[in-house]
Amino acid sequence: MEIDPFIFRLSIFILSIFIGYYVVWSVTPSLHTPLMSVTNAISSVIIVGAIIAALAGNSEIIFNKANIFGYLAIVLAAINIFGGFLVTQRMLAMYKKKRKDK
Amino acid sequence: MEIDPFIFRLSIFILSIFIGYYVVWSVTPSLHTPLMSVTNAISSVIIVGAIIAALAGNSEIIFNKANIFGYLAIVLAAINIFGGFLVTQRMLAMYKKKRKDK
Amino acid sequence: MSANLLAVFYLISGILFILALRGLSSPETSRKGNLFGIIGMAIAIGVTFLSVGNFSSGFLYVLIFILVGGSIGSIIAFKIPMTAMPELVAGFHSLVGLAAVFVAISAYLNPEVFNIGSTGNIKIASLIEMSLGAAIGAITFTGSIIAFLKLRGIMSGSPITFLGQHFLNLALGIILIGLIYYLCKTQINTWFWTLILVSFAVGVLLIIPIGGADMPVVISMLNSYSGWAAAGIGFTLENTALIITGALVGSSGAILSYIMCKGMNRSFFNVILGGFGATDQSSSEKGKEQKPVKNGNADDAAFLMKNASSVIIVPGYGMAVAQAQHALREMVDALKKNGVKVSYAIHPVAGRMPGHMNVLLAEANVPYDEVFELEEINNDFANCDVAYVIGANDVTNPVAKSDPQSPIYGMPILDVEKSKSVLFVKRSLSPGYAGIDNDLFYRDNTLMLFADAKKMTEDIIKSL
Amino acid sequence: MSANLLAVFYLISGILFILALRGLSSPETSRKGNLFGIIGMAIAIGVTFLSVGNFSSGFLYVLIFILVGGSIGSIIAFKIPMTAMPELVAGFHSLVGLAAVFVAISAYLNPEVFNIGSTGNIKIASLIEMSLGAAIGAITFTGSIIAFLKLRGIMSGSPITFLGQHFLNLALGIILIGLIYYLCKTQINTWFWTLILVSFAVGVLLIIPIGGADMPVVISMLNSYSGWAAAGIGFTLENTALIITGALVGSSGAILSYIMCKGMNRSFFNVILGGFGATDQSSSEKGKEQKPVKNGNADDAAFLMKNASSVIIVPGYGMAVAQAQHALREMVDALKKNGVKVSYAIHPVAGRMPGHMNVLLAEANVPYDEVFELEEINNDFANCDVAYVIGANDVTNPVAKSDPQSPIYGMPILDVEKSKSVLFVKRSLSPGYAGIDNDLFYRDNTLMLFADAKKMTEDIIKSL
Ligand SMILES: NC(=O)c1ccc[n+]([C@@H]2O[C@H](COP(=O)([O-])OP(=O)(O)OC[C@H]3O[C@@H](n4cnc5c(N)ncnc54)[C@H](OP(=O)(O)O)[C@@H]3O)[C@@H](O)[C@H]2O)c1
Ligand SMILES: NC(=O)c1ccc[n+]([C@@H]2O[C@H](COP(=O)([O-])OP(=O)(O)OC[C@H]3O[C@@H](n4cnc5c(N)ncnc54)[C@H](OP(=O)(O)O)[C@@H]3O)[C@@H](O)[C@H]2O)c1
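First to last, the protein sequences are chains A, B, C and D.
Note that my numbering gives residue 96 to position 96 of the first sequence, counting from 1, and the numbers run on in steps of one.
Note that my numbering gives residue 89 to position 89 of the second sequence, counting from 1, and the numbers run on in steps of one.
Note that my numbering gives residue 42 to position 42 of the third sequence, counting from 1, and the numbers run on in steps of one.
Note that my numbering gives residue 428 to position 428 of the fourth sequence, counting from 1, and the numbers run on in steps of one.
In silico lysine-lysine, PhoX-like type, Cα no more than 25 Å apart, as pairs:
1. Lys32/C x Lys97/B
2. Lys341/C x Lys97/B
3. Lys97/A x Lys32/D
4. Lys401/C x Lys418/C
5. Lys32/C x Lys96/B
6. Lys341/C x Lys98/B
These are computed hints drawn from the structure, not numbers from a lab.
Model the full structure from these sequences, guided by the hints.
Written out as structure tokens, the structure is:
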């Protein structure tokens, strides 16, 4: 009578699609460019898989065949994470309201 | 290393709150009354618990102490389900656009 | 039916419920949305039957009970007049609350069936979820009953307050938490039953201090509660459909309460702590009557509107009381035949529940594209010849803009005062829900039409 | 760290990502949103470290690699000019795609670590999820590379088409499905590597037929793909944060593509099947040149605008090319000092990516409350004296309203033609992205200012 965890993950996936739909429609058009860069950054959370892969298994041979791909993925994802969040930050910092004292 | 299903249910619960938030804000104010009646109807999906309770256990003694509450809950929930959906239907049927031929 | 398949079906039914609410984003899609809701419910009930799989005589009884409940529900749904929607919703909530309590009781008495342990040895987590569900359900039940009685006028709408009320509520709240704690620790039945009884009492005590006029906020709040109760039971039953639905209904009620409080510019706590609407109307009535008021009759009103080029109708609670929506619609038809441009302006908290006026106008066959929200139409008053205010009062009161002392200060209002002339249909100079006098009555460009809203409107039709 | 606690933390980080996107609903909340995103990422990475718990030398290497990647990323982020955002986003996507491929490969080679079986004996479900993730990731990778090259101008933007192209793509698609099927059946490594190689090829083939100008739609589409790839890997790794994020990014990209296609009034398939923008511009250029055109200089423009009471600025792709945003801002400041009311009108697809113009104006310190969307400002053109169109073309072309034969028919446009006079800053009469002639150039109330946008704007400042 146990439910397969896959079903739960599927539920989470489907519900998140709904949230994505609503959340993105509520983004103001003037911030669509930062939206693209920030989604870029957050989709690099795939780095968690890369870390697990890199640290996997026996710690003697650090760079075996499977681990090496993990390390490569870490570099790629890290570029994206830092690059994505920082460039978003840089863009968002530019959006200013009219100052009162003018 | 198995994850407790409760955690998944919690995730589903939290994500659904987000969806509820967005879905309800997107309801047009003129339909707020039907919104109240339809949420009423759907929250009566608690009837599934009532059915399980009513049909529980040994089928000889149909109305034992635990079952009887199940049957009572079924009646209450059924009133709500039929009443809620039908009254919503009735209200929504009244919302009409201006006819072109007038 | 395997547990996995069952879970998928419950997920589908949860998603259909989401789509049901989503449909309400516009009148065109709303009917399809309601259909999704019905299908979702049918799936949930259907697979539950299949999962139990025990097609014994008990099954037959279940069907019979569903039919009995269903018939009662259907009859109510068809008979109920649209003006009684607020109390209907309150009544329905009480049923959901009680059903949640009953399901929790069955689960407590018969935990094996729900896979949550055995009698006297229920899983702690399930026990917590279950007692939360039962407690919230019980509060919802009695609370909604009180709201129902107040709205129906069976019980006086005036707030019932006594010394130490908030203190008592606080004490009961602490007792509730203590009961849940001891219940989990000892699993003694007495605690469970006491928990439910205390919750019933809390439901009553929470709602009696709130004035009858604040009931709409209370209803949505209870709507929200019933959602959380359902979600609690959903965790106990490990049922996805219930969890999703509970969360949806929970947020929905909370957001509606928020919208109402915002529309009235009052804080939620101000409403919940009660005492508002304690009718010191008498005091505001006297001492004002002497100010001069322009008094008109149906012929004056008909003349004014016939010669106007645009008229905006502002309906309020009085239209609901007088059931004047059909007459109003006929009057508008007559005006349109005379070439007058007519539209309707709806304030977010006009009437006694959100969307109240919209439903009534829809009932009278007013096309929804002639009906506008406050922000859409508020600028048009400046260019409009006549504002026909029918049974509305607070939502037009300019004091909300001018007097920071006023209880409705800051509430957005319909700017009827900007139109060339204002017609007020009401029975007297007595104030509305908020109990404060309306300056507009005494203005030069205002004509008061003292009469029942329906009668006056019918008279105007005759003169047109 | 227990699996449960870990799952809770991943859930929290998923929710923080939701809040990050939610923040973008307004500029005020957006910075806080970005912070939420960063915290979410930090939590996800942090708990992953703790969960592996193996603080061996490998751990040090991981940190080093993160630092290396992070430094590269940070340098790029600080050095990149705002005008290069489209290609930056494309480049970043390719990295996400490749990372997904790499993670899938590690999981395939070392399934024990991920709890999905043992080498040669991986769970079928995980294998499907993994190969889908790898295939989509690979397509994203090569597709984004092509998009990057086209946007950067390293590769020609013109569509590369050949006979049987769609047929080849279809065949490759079928082969992909076959490969996944055989991979699951036999678990032979060759199928896995072939799958990845074929997906790389598909990525290239899908994007080369699409014209350079259609790349923005392609970027969002690839954004969406990278999300689905992440979600696929998330299922394999049983990681909630990845599943939630994948779904978020997947819908986000899809919706942005939809918004762009809608803004251009083209169907998504029309874009994807390619061939648009195949520049028959030459044909439209000749034979039109003879029509009379009013040609002005900076002094004329300065005179007109100085004496106007209201001016609306319509920026387009040309402003980005010329990097004219700073000059524009100075010009507007000068005009404002002269008492002219100035606002900016942004078409949803002005420039080469959604929100392109807004970022550039923000970069030039234009306050965002002076910048308006199409629906907000379109009615104001009728009451405006001068529309200053700087490097925009298609988004002002009235042919979208009048000629059902035109490729942009039905696209909503900015009604600059309704303003009293129109100034067009561009270098020639050549058409814009859609390759169609703009009637407005030949109208009586239009003054063409042939020059580079930046140069012309600076000249105008001088004459003001
Ligand atoms: N809609 C919601 O969700 C909601 C929720 C909570 C609270 N409220 C509150 O309810 C109020 C709604 O404002 P409102 O302008 O619609 O109503 P109101 O301010 O309560 O005024 C209603 C008026 O209708 C008149 N009336 C009653 N029966 C009538 C009849 N048969 N014929 C003609 N007139 C009649 C009354 O005056 P006479 O006695 O002189 O006839 C009264 O002044 C607001 O204060 C709002 O804050 C609304
Ligand atoms: N924003 C998006 O998301 C997106 C996505 C996909 C497609 N598009 C498409 O992109 C187009 C955007 O319209 P648009 O009006 O912004 O641009 P456009 O129609 O492409 O016109 C840009 C104009 O700028 C001029 N220009 C180029 N460089 C210049 C410079 N240095 N100085 C002055 N002028 C210069 C060009 O004319 P000269 O050569 O004569 O100077 C050209 O006519 C639409 O057709 C839209 O469908 C947009």
